[in-house]
Amino acid sequence: MSPTSTTARLEPGLASAFAALSLGAVAMGISPIFVRFASADMGGTPADVGPFASAFWRVSLCLPLLYAWMRIEERRAPTDTPRVRFSKASILGGIVFAGDLFFWHLAILKTTVANATFFATMAPLFVVLTVWLVLRHQVSRGTFLGLGLCLLGGAALIGQSLQADPGRIEGDLYGIATAFFFGMYFLAASRARKTAGAARVTFEAGLITSAILLVIAVLFDTRVIPQTGQGIAALLAMSYVSHAGGQGLLAIALGRLPATFSSLVIFLEAIAAAVFGWAVLGEALTLVQALGGALILFGIWVARPKPETQAK
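Going by our numbering, the final residue of the sequence shown carries number 1552, and the count climbs one at a time with no gaps.
Possibly wrong hints are sitting among the right ones.
Said to hold, decoys possible - Calculated cross-link-like contacts (lysine to aspartate or glutamate; reagent style EDC-like; alpha-carbon spacing at most 16 Å): (1) K1434 <-> E1314; (2) K1350 <-> E1410; (3) K1434 <-> D1320.
Worth flagging that the hints you see were computed from the coordinates, not collected in a lab.
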């Protein structure tokens, strides 16, 4: 199965890949909660770490775990399993994921969280358009319809908090850049999975991302080392749950599921963020937001991989 194809055989492994993708989306969706605790203003004191430093720690703290996973995975794999080291796709994945986190934090600084989140959810749009217009792969009508439904659902989830302000255009553009880089990460990771296992792809990309984000954090943040127990705990949770869990499960799923469909499932991240915000931070959920979440689920169902039709 081509990683960019919009059709896939409904073989037994597809259900487990979809489950991994859904759990990964939920793991990434809780990351704003951890960021909030890591950057919380405690009693008038400055935030524990700067935004770029939190992105660096998110990726770097779990690298030992990812390395151990990689060694175990490759030791158990058949000897003829491809395991290309630092393929061009893995290197590109690490670079574009650093771009994703960099622009995401810039967006949060320059516009509202709602605006940044809304524009960041456009990542599947870039995946589908790149596959269709650049890579020249066929994209099904179901994928386009599912994408449209998911975008409408995302707008309903966040739309009530959106603010149109000319002074925030720069931040909104950073949000769009976030979506572009995250979309490119999907395609790079999907290609990398053709020549390496999920653990190797996640570890190698994370190593490159960490190196880039360390330089950025040192240059742009005044607080790089966490100072409080809450900050350390939040960074550890974000690293092991949102990065190792989220990105690792995503890499597993991309070994079987098309990148176009997988990108749509990441809309579940927006639903998870809203639910965790309600459950943990007490943020209100409206009926419109609930309907938006239902619309996302329906869009994912519409775009689900179909059995390949046999030629007559």
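Problem - Hints not upheld, ascending by number - result: As far as the earlier hints go, not one is violated by this structure.
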